[in-house]
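A.B. asks: Residue-level listing of the chains:
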Amino acid sequence: MKNALGQPQSLLLLGGSSEIGLATARRLVQGRTRRVHLAGRPSPALTAAAAELTAMGAEVSVHDFDAAALDTHETVLGKVFAEGDIDAVLLAFGVLGDQLKDEQDPMAAAAVGQVNYLGAVTSALVSAQALRRQGHGSLIVLSSVAGERARRANFIYGSTKAGLDAFAQGLGDSLQGTGVHVMVVRPGFVRGRMTEGRPEAPMATTPEAVAEAILVGLQRGSETVWAPGALRVVMSGVRHLPRPVYRRLAV
Amino acid sequence: MQGPDAPPSDAPLPAAPPSEVLVALSGWGRTAPTGARVTSPATTEAVVAALRAAGERGVVARGLGRSYGDAAQNAGGSVLDMTALSAIRSIDARRGIVDCESGVSLDRLMRLLLPLGWFVPVTPGTRQVTVGGAIGADVHGKNHHVSGGFSRHVRSLELLTADGRVRTLTPADDPELFWATAGGMGLTGVVLSAQIQLLAVQTSLISVDTERAVDLDDLMARLDATDHRYRYSVAWIDLLARGASLGRAVLTRGDHAPLDQLGPRQLRSPLGFRTAGLPAVPRGIPGGLLSAATVGAFNEFWYRRAPRERRGQLQSIPTFFHPLDGLPEWNRIYGPGGFLQYQFVVPYGEEAALRRIVETIARHRCPAFLAVLKRFGEGDPGWLSFPSPGWTLALDIPAGLPGLGRLLDGLDQEVLAAGGRVYLAKDSRLRPDALAPMYPRLDDFRALRARIDPGNRFTSDLARRLSL
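Which chain is which? The protein sequence lines are A and B, in order. In terms of full-length UniProt numbering, the numbers along the first sequence are unbroken and rise by one, the last being 251. In terms of full-length UniProt numbering, the numbers along the second sequence are unbroken and rise by one, the last being 468.
Please keep in mind that the hints were generated in silico from the structure rather than gathered at the bench. There may be inaccurate statements among the hints.
[Stated by the list, open to error] What follows is a list of derived Cβ distance ranges for each label pair:
| no. | chain 1 | residue 1 | chain 2 | residue 2 | range |
| --- | --- | --- | --- | --- | --- |
| 1 | A | GLU83 | B | ALA280 | 42 to 48 Å |
| 2 | A | ARG239 | B | ALA244 | 52 to 58 Å |
| 3 | B | ASP444 | A | GLY57 | 47 to 53 Å |
| 4 | B | PRO440 | A | GLU83 | 29 to 35 Å |
| 5 | A | THR195 | B | GLU20 | 34 to 40 Å |
| 6 | B | ARG406 | A | GLN104 | 34 to 40 Å |
| 7 | B | GLU56 | A | PRO42 | 30 to 36 Å |
| 8 | B | GLY272 | A | GLU83 | 57 to 63 Å |
| 9 | A | THR195 | B | GLY455 | 47 to 53 Å |
| 10 | B | ALA280 | A | THR195 | 16 to 22 Å |
| 11 | B | ASP163 | A | PRO42 | 44 to 50 Å |
| 12 | B | LEU22 | A | ARG239 | 33 to 39 Å |
| 13 | B | GLY243 | A | ALA48 | 49 to 55 Å |
Even glycine gets a Cβ: it sits at the ideal position worked out from N, Cα and C.
The following block holds chain A by itself, in its conformation from the complex (with noise of 0.2 Å):
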């Protein structure tokens, strides 16, 4: 159960090696957390990072998931709620693809958002049934402020985060009431893995800002986070501006 300062004690990590999913994994079992699922393609990462997490006292278990295998995620998801209750679910995987040369190739681009999207939507939907089930829980959904409003250098990947973002708080909405608590977390550039060796965008923030700021959310029962938080300000300047004036920014 999470207690009343939204510190839970078992936790489903969606992308088993995100980096802002292992900060936040590591966070958590410092906390309450005891049982952490790990959810992903088996890697050398993904082993390490259960290693890590059991070595900090957590009992790990690792369970081969892929994002854009979307009629899996049923099975493969229903076998982790089947062993107990899920207290907290981080869906943080996610691909950011290569814009560039994504626009010349279309389905490139449509696999951007087979992660990213219907992944998210497949995986939401079957975590969203089982913690309402359980009557409890907290769904954790990494957006981006790419999904605030497009931009020429990432608008693909943008796309897809727009698109999960509008996702998770209509599913926020329908879980009004049942005990079930979806929280949309938009960080701003993260670096990291994913970001490296590309320009930084103002605000840069890394993995582990990302993840005290979701544990900020949990014990305040947020239901957006921005990452860093003066990004709620900017952003709602941002998203006013002119077309035409937004275009000439160089973000």
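Please build the complex by placing chain B on the supplied structure of chain A, with the hints as guidance.
C.D. replies: Showing chain B alone in chain A's frame:
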């Protein structure tokens, strides 16, 4: 005009509304809501039927929802709203015994019994608790040092257990199940009714002595020296005061006023019970209203407002015992983030630990305006009853306070090291492995539950969180 092809909207309405509704429930602290199917059985038979109908996620009884944490929640399962089971079966006005169903509130008992010259044996800081809840949490009041917990005054109770049987338990004949149920947080079964021994009073007024204590040492010395003279004793403590004023407090202690202390006007209705109150706190109060600054100002006012010393002031029962009942839905002032209450006891002789805890809280600037310190009397026989001989401190804290998790985990360590414990009816965040050292009879409790409820029919969010 309607023809034979009337649209389907003219079809008859469903016969009866569904008797169970899916609701998100939380405790009085309004934290960690979870969804459950709620039914309101009004008869014993209906409670039995609800137990039978409960699914694999079990069932728990809920009274007026005054537990601060998750004791009366059952995520994904069933919750029995017991307030409809509220018959007064009999009142023995000669011996002072009331036999009532468990959904009856202490408020109702006071209204019924005071005119007859009887008062409830123990009342917590609110009248808005049910008899079942008072037994399940084995609540205590300002008279604990004299009278012990609520369950000590229960002569017998009816308990519906997981096998569907209704058992009548007395402390003499069924000590195990009785004392596992008293303080057992509703996990041994559903308390259906109880016979309670009442306290004879001449008037409905309390004769109150008020005094200020300038710091924590002064406070503890005053409580130590003269508590035994009073039936009721509590101290409001300013946990934001630091330095020389650390632990400054206002003591209010008293007893039921005898007839001869009343003036001519009060003598017209010596046993009258009137309550006055403000309108309920509205919904939608934003968070952050209670900060160290606002609460600090309030505490300063509250301390200065109290007389340095005043003897024999006559106060009404609501004023003395239940000041917050005058502000319905007061828990909303903490905003949507809710709040929690931390209440612990440390044994006598561990005053140094108490001081360190008070210092830590003051250093952390917890905006706690409802903080009380009290001396407990002898421990209660309930296996999971909270009171034990020592100092108990209770404080309310906004749940969103930064660093609160670490702060309270640290206080738990201090309490544990001192041989103390925290109160389950208030708890909403204890580390599960800290529970067993606090409650030595926890293993007995778990074993008894495994025996009488092997299918885990009775469970709650609290039970899941702490593996009770």
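A.B. asks: Please check whether B:PRO440 and A:GLU83 have a Cβ separation lying inside 29 to 35 Å.
C.D. replies: holds, 32 Å
A.B. asks: Hint says 47 to 53 Å; check whether the CB-CB distance for B:ASP444 and A:GLY57 agrees.
C.D. replies: violated, 28 Å
A.B. asks: State, for the Cβ atoms of B:ALA280 and A:THR195, whether the hinted interval 16 to 22 Å holds or is violated.
C.D. replies: violated, 51 Å
A.B. asks: Taking the Cβ atom of B:LEU22 and the Cβ atom of A:ARG239, is their distance within the range 33 to 39 Å?
C.D. replies: holds, 36 Å
A.B. asks: Check the following: the C-beta atoms of B:GLY243 and A:ALA48 are separated by a distance inside 49 to 55 Å.
C.D. replies: holds, 51 Å
A.B. asks: Verify the CB-CB distance for B:GLY272 and A:GLU83 against the hinted window 57 to 63 Å.
C.D. replies: holds, 60 Å
A.B. asks: So does A:GLU83 sit 42 to 48 Å from B:ALA280, Cβ to Cβ?
C.D. replies: For B:ALA280 against A:GLU83, whose Cβ atoms are near 44 Å apart, the range 42 to 48 Å holds.
A.B. asks: Measuring from beta carbon to beta carbon, are A:ARG239 and B:ALA244 in 52 to 58 Å?
C.D. replies: holds, 53 Å
A.B. asks: Falls inside 30 to 36 Å, the C-beta gap from B:GLU56 to A:PRO42?
C.D. replies: holds, 33 Å
A.B. asks: Cβ-Cβ distance between B:ASP163 and A:PRO42: within 44 to 50 Å?
C.D. replies: holds, 48 Å
A.B. asks: Is 34 to 40 Å right for how far apart the beta carbons of B:ARG406 and A:GLN104 are?
C.D. replies: At 51 Å between Cβs, range violated.
A.B. asks: When you take the CB atoms of A:THR195 and B:GLU20, is the distance between them in 34 to 40 Å?
C.D. replies: violated, 50 Å
In this structure, the hints that do not hold are numbers 3, 5, 6, 10, in rising order.
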